[in-house]
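**Q** Single-letter residue listing:
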Amino acid sequence: MLISEKQALTERVGMLVQKYGNSRSALIPILQDIQHNFKYITDFEQQEVARLLDIHPVEVYSVISFYSFLSSKQRGKNIVRLCQSISCELEGKEKVAKAIERELGIKFGETTKDKKFTLEYTNCMGMCDQSPAMMVNEKVYSKLTPEKAVQILKEVK
Amino acid sequence: MMENKIERKGQVLFSGYKYGEGIKKALKLSREDILFELKESKLRGRGGAGFPTSTKWMLTAATIDPDKYLICNADEGEPGTFKDRVLLLEYPAMVFDGMVIGAYTIGAKFGIVYLRGEYKYMLPDLEAHLEKMRKDNYLGEKILGKDGFDFDIEIRLGSGAYVCGEETALIESLEGSRGEARNRPPFPVNRGYMGKPSSVNNVETFANIPFIVLKGGKWYNKLGTEKSTGTKLFSVSGDCEKPGVYELPWGTKVSELLEIVGAKNTKAVQVGGASGICIPKSQFDRMLAYEDLATGGSVKIFNENRNMLEVLKNFMEFFVEESCGQCVPCRIGNVKLLEGTKMLLKGEFTFEYINKLKELGRTMKIASKCGLGQSSPNPFLSILENFKDEVFNQGWRNNGR
Ligand SMILES: Cc1cc2nc3c(=O)[nH]c(=O)nc-3n(C[C@H](O)[C@H](O)[C@H](O)COP(=O)(O)O)c2cc1C
Ligand code: SF4
Ligand code: FES
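Chains A and B, in that order, give the protein sequences. So the number in the working numbering is just where the residue sits in the first sequence, counting from 1, plus 486. So the number in the working numbering is just where the residue sits in the second sequence, counting from 1, plus 21.
If a hint is listed, it holds; no wrong ones were tucked in.
What follows is a list of derived Cβ distance ranges for each label pair:
#, chain 1, residue 1, chain 2, residue 2, range
1, B, E148, A, K634, 28 to 36 Å
2, A, I489, B, T384, 52 to 60 Å
3, A, E596, B, E373, 36 to 44 Å
4, B, G216, A, H542, 16 to 24 Å
5, B, R52, A, E641, 52 to 60 Å
6, B, K45, A, K593, 54 to 62 Å
7, B, T384, A, Q493, 50 to 58 Å
8, A, R510, B, E148, 20 to 28 Å
9, A, S548, B, T371, 33 to 41 Å
10, A, E624, B, E24, 13 to 21 Å
Worth flagging that the hints you see were computed from the coordinates, not collected in a lab. All figures in this text were calculated on a predicted structure; none of them were measured in a lab. Cβ coordinates follow ideal geometry from the N, Cα and C atoms, glycine included.
Please take these sequences and the hints and turn them into a complete structure.
**A** Written out as structure tokens, the structure is:
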């Protein structure tokens, strides 16, 4: 990484610490903010957060690894999460999953080459009366069919 | 895009509520009066465990620390549960007014809503509602001119971990840690968020509060049954004509509910989500109530075409994934129960081994640290018990084909 890039990152993390505070309870909001904007939290950012919150970097990493919505590895610009829990499973999640995999040319757990999409499974997202359901970033889509799911992803930029 | 299907309105929550009304009435009463009405109402927590709300609030009210927290548990992660989603989207006034009344009652200065990450899309509307409450002085300093009553609500987001719905894991998460359940005691009412006395209550529990304040505890406890008063929101999904949220009095029979939701050829009903129990047709005359089938509200219907072992496998996969891994019975136990389920599916098992797994399940219920591991064997034990024929013969049938 270039020194100027590092400085920019340090500044950005510094601004987040100003926004959310430097107490331990600010850790997750800070990580959520980075995750939201950049889809993952780099090693360097983890170190910077740890330094500014005065905790060990391992603690930051262990928090990231605990929560399924936080990630320390690069993800695509759009994260697609298909529900794999019981209602969605029974109402045809598998067909939707296959259609999405075919269309994007990747399997669940993978990211497209152009880094536009990451596919993940998630557990019940509280839409069981309208299964199957998925989230694209923070938006929820329900009553999916294979065609509908593929169409939704086509419209995502 | 999303519908919030309220299929049946009942006598309490969906009976109509005017924003602010409950707060106005509450502030005319003393804290003791409210606690009295609450005790009289016999309201029990709607998050699943069914702890009497008046007891929890009395314990928190009795602590002398000036910095108390009131926390709304909006982590709603139990598979099959979505009633809090509907409450928050359609009736935020009931929930937040309930929180303000609660804060007044227990003497809390700070309110936190722990909203699951999956519900982040609600944030703009919920924030807008809180802003309106601040303008109308239902939040902020000297609420409605009441000296010494300062209270505000902050919304914090979860990050995709089911176990964070467990109240001590939720507090760990709020404090910036991994969501690992704590040992009790101390209980959160004495030492919760930031070591301060904290009451954690479910979204639906709060939504009931304004009605109890407005109409009184006596009115409330006439609804439902002796030990389960009031109404309950049921999140109904699965094989039926009208999935959605139903407000029904406690004590409703499973068979009555099936009738109302238009369920046909029902083979099994899972009550209480993945961590609940699965009952067969012969038990459909049991009632939904703390004294019989207790539930946080999830009712999942399976018809004759469903394979109960596939259902069980899905539940056990859920628990393997969501166990926080802190204690051995839950971390290892769920993996073993999932393996056992797969053996049954293939028909490659011995009764001796399956009996050992049942024993393991019973041990997990006693030896696990938090409610996740204490309840995750429920579907395994109840499906193996109640669907014996299907479960033990399936693998051989499949192989024979
Ligand atoms: C694994 C697990 C998950 C839970 N998830 C939730 C939840 O999503 N919402 C909730 O209100 N309670 C949940 N609970 C129950 C809480 O620990 C706690 O009992 C509840 O929030 C108390 O509120 P109440 O008294 O109003 O029910 C969960 C418990 C366990 C063990
Ligand atoms: S029972 Fe399970 S979820 Fe609860 S503390 Fe133990 S390992 Fe964690
Ligand atoms: S099971 Fe998929 S949303 Fe609940």
